[in-house]
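Peer 1: Keeping their order, the protein sequence lines are chains B and Z.
To get this note's numbering, take the position in the first sequence, counting from 1, and add 3.
To get this note's numbering, take the position in the second sequence, counting from 1, and add 106.
FYI, nobody ran anything at the bench for these hints, they're computed from the structure.
Where a beta carbon is used, it is the ideal one built from N, C-alpha and C, also for glycine.
Hints may be right or wrong, so weigh each one.
[To be verified] One-sided and incomplete, this derived list gives chain B residues near chain Z with beta-carbon spacing under 10 Å:
#1 174
#2 191
#3 218
#4 238
#5 246
#6 248
#7 273
#8 294
[Stated by the list, open to error] Okay, derived cross-link-like pairs now, BS3-like style, lysine-lysine, Cα gap no bigger than 30 Å in a straight line:
#9 Z:438 x Z:382
#10 Z:388 x Z:438
#11 B:46 x B:246
#12 Z:448 x Z:438
#13 Z:448 x B:246
#14 B:46 x Z:448
[What the hints assert, rightly or not] Stretches of chain B that chain Z covers, calculated by requiring three or more beta carbons in the stretch to come under 8 Å of a beta carbon on chain Z:
#15 11–25
#16 33–43
#17 52–59
#18 90–99
#19 256–262
#20 277–289
#21 308–318
Listed below are the residues making up each chain.
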Amino acid sequence: MGQLSGPTDPTADAHWEHNHPRKGFFTDTSICIGCKACEVACKEWNHNPQDGNLELLGSSYDNTGALGASTWRHVAFVEQGRDRITEARESGRALVSLGMPRVGPPAAAAPAGQDLTGVDTTPPDTADFRWLMSSDVCKHCTHAGCLDVCPTGALFRTEFGTVVVQDDVCNGCGTCVAGCPFGVIERRSNGTVAVAAQRDEQHAEHPAVPNVGVAQKCTLCYDRLVDGETPACAKACPTTSIKFGDHDDMVETARERVADLHAQGLTEARLYGANELDGVGGTGSVFLLLDEPEVYGLPPDPRVPTADLPQMYRRAGMAVAGMVAAAAVAFLGGRA
Amino acid sequence: MTHSDFDSFRPPEPARRRRTGGKRGAGRRNGGDGSREMPMVPEAEFTSYYGRPVVKPAPWGDDVAVYLFLGGVAGGSALLGLGGQLTGRPTLRRNARLGALTAVSLGAVALVKDLGRPERFLNMLRTFKVTSPMSVGSWILSAFSAGTAVSAVAEIDRMSGERLPLGPLRKVLQAVEGPAGFEAALFAGPLAAYTAVLLGDTATPTWNAAHEELPFVFVSSAALASAGLAMITTPVHEAGPARKLAALGVVGDVVATRVMEHRMDPVAAEPLHEGKAGAMLKWSERLAVAGGLGTLLAGRNRAVAAASGLALLTASALTRFGVFEAGLASAKDPRYTIEPQKSRLAARRAAGITGDSITTAG
C-alpha cells in the first residue's frame, strides 16, 4: 500500500519495478475550438456506445452533458459577457498575488512578469463576449479515489501511472463512482439507446452495449500506450489543445504557457491539477483554464476521500469499542 | 460588436443584466416573448456548469440502505446473543442468534442484488484491500456470517429436537457453537460500523462531511435496533439487557446525530434537514425517543416492550434511509460540492495556507 495523500510517484507506489515515465495530458483550453474531434475519436477508438438519447441540452454547443461511462472526453462550452471576463481576470490575478510556490526551476529561470501585483496588464480591449471551450477527461490522479476504494482490484495503476478498469474483474459495486471527487467514473447501464419507433430496424442493428453494469472511464488509451501510440483524443486534436506526453514535460509546458498568457495580460489563465500538494496529489491530466474551475464543472478544491481513511478507521474503532462497552454495561448491570 | 449607420434607429437596449457565472441553473426558456433568453432560475450564490452535478451519486438503490439497516440489526443481535450465552439467558441467546442470521442473510441478498453484476460477487473475496472499506466490509461480513450461521444452526438443531441430518457433525457443532458466538460478536461491532466508513470514504458531500461522527451514529442505531428486535421476540424477564442497550442506544443515537450535524459544514449538512431525507431523520429521532421512553417507563409490560421495540427498529431504518438519501441528494446538486469546497479553500487561504490549491497561477 502506498501513500494515501501528498506528493508521490504513483507508479512506484504501485510497485512497478521498471522505469516508465508517468504519462499525462495537458489540455490547453485557451486554444480549444470546440470541434469535439476528441469526443469522436475517443468513442470510435474505444467502441463506446451512444450515451443517452440524441437531444439538445440547451447548454450552448454542449449536447454531451458530462463525462460518464460511455463518454470519456467531454467538451464544455461556456458563454460569458464582459463582466464575467473581468471577474475571471481579477480572480486569476489574485492567484498570482497569492505567491503560489512554484515547483521546478527557480524564479530566475521563470519568464518575467510573474509578480503581477499592482501591475495593470489588462489589455485595453476586454472582450464583450467570450466562449470558453474545454475538453474534460479523467484526471488520472496521483491519489485516485476510484482506485483506492475498488474492492475487487479491477481498477489498477498502469506502468504509465494511469488508472484503468479491468472490465472482466469489475463486479459493478459502484463504490468507485462515489469515490471520484471529479465525477468521472460511472457504471454503465444499458437501455441508454432509445431510437424513434419507426426506426426499429436500425435500432435492431445497434451493436449490443458492451460491459453493462461495469464501471467505465478513460483509460488514457492504455492499449495505444503499450504500442507507443498517442491517445486517440490527443492524436485527433487539430489545434494541439490536447497535448500528450511525459507528465513532467506536460506540467512544464503548462507552466510556460500560463506564464506566456500572463505576460500578454491574460491574467485569467491558471493551471488546474499541476500542484502536487493539492488534495489529490496532483493530477495526471493538467488543464489550463480561463476562469474558476467550477465554471467548467470542475470541483474547486477536490480532496481524495481516502486521504482521511486512517482517521475514519480510528473513529470507527472508537465507535465499535463504545458499542461493545454499551452491550457489556447492559449485561453486567442486568446481572445484579 | 458591430457598429453601423443604422444603429441610431434601433430601439434603446434594456439595461444589461449582470451575468455572473458561466451559466447558472439549467437552461430553459420560461417566459417573455421568446425573442431572447430569459433568466431561468433565481440567481444563486455559486457558479456551476449549467447546474449540473460535479460528483456522481453512488449508483446504489434502496437495497443498500436496507443493507445498512440489516447489517446493524445483525451486528447488535450477535452481541446480545453472546451476552445471553455468557449470562445464561437461553431465550435471549436463541432469539438474538436467529435474528442475527436472518438479518445478515437478508442483508447479503440485498447487497448482492445491488451489484451491477451479481454473478461477480465473489470477485470481492479474491483480494483484501485495506484502502477499500467495501473490501474490508465484505471480509467482515463473511467472517461475521460464518460465526452467526454456526451458532444459529446450533439453535435450530436444538429447537427441532436434534432432527437436522448432521450425523457425527452434531458433536462438532455443539462444541464450536460457543466459540462461534464469540467469533460472530467479535465482528459484530465492525459490521455495524464499517458501513459508516464506506459512506464517509466517498466524494458524496454530505457523507464525506459526516465521516467523523457517522460511525457513532451507525453503531448507536445498530444497538437500539437490535435491542428493539430482542424486545419484540424475547419475554420481558430475559430482555432486561436488551432494554438497557436500547436506552443507551437511543441516547447515543440522538447525541451523535446532533453532534454530527453541528460539526459538519453547514451547507453539506443541509440535505439532512430537507426533503424526504429530512423528514425521515426527523421521524427517526422522534421514534427513537418514543421507543426509548417506552422502554424505560414501561419496558416490563410485554405489549409496551414490543411496541417500543418496533418503534426502535423503525427509527433505525429511518436513520439509515435518511442518511443514505441525504447523501444521494447532496451529490445531485452541485451546490453541495462547490460551496463547501470554496469556503474551505477560502478559509485556508485566509489562514495563510496557499500552497495546496489545485488551481495555481503557474
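Peer 1: Each hint should be assessed against the structure and marked as holding or not.
Peer 2: Hints, one by one, checked against the model:
| no. | hint | verdict |
| --- | --- | --- |
| 1 | 174 | 4 Å, holds |
| 2 | 191 | 8 Å, holds |
| 3 | 218 | 8 Å, holds |
| 4 | 238 | 27 Å, violated |
| 5 | 246 | 17 Å, violated |
| 6 | 248 | 19 Å, violated |
| 7 | 273 | 5 Å, holds |
| 8 | 294 | 7 Å, holds |
| 9 | Z:438 x Z:382 | 14 Å, holds |
| 10 | Z:388 x Z:438 | 22 Å, holds |
| 11 | B:46 x B:246 | 18 Å, holds |
| 12 | Z:448 x Z:438 | 18 Å, holds |
| 13 | Z:448 x B:246 | 29 Å, holds |
| 14 | B:46 x Z:448 | 34 Å, violated |
| 15 | 11–25 | violated (count 0) |
| 16 | 33–43 | violated (count 0) |
| 17 | 52–59 | violated (count 0) |
| 18 | 90–99 | holds (count 4) |
| 19 | 256–262 | holds (count 3) |
| 20 | 277–289 | holds (count 7) |
| 21 | 308–318 | holds (count 8) |
In terms of the numbered hints stated before, the structure departs from hints 4, 5, 6, 14, 15, 16 and 17, listed from lowest to highest.
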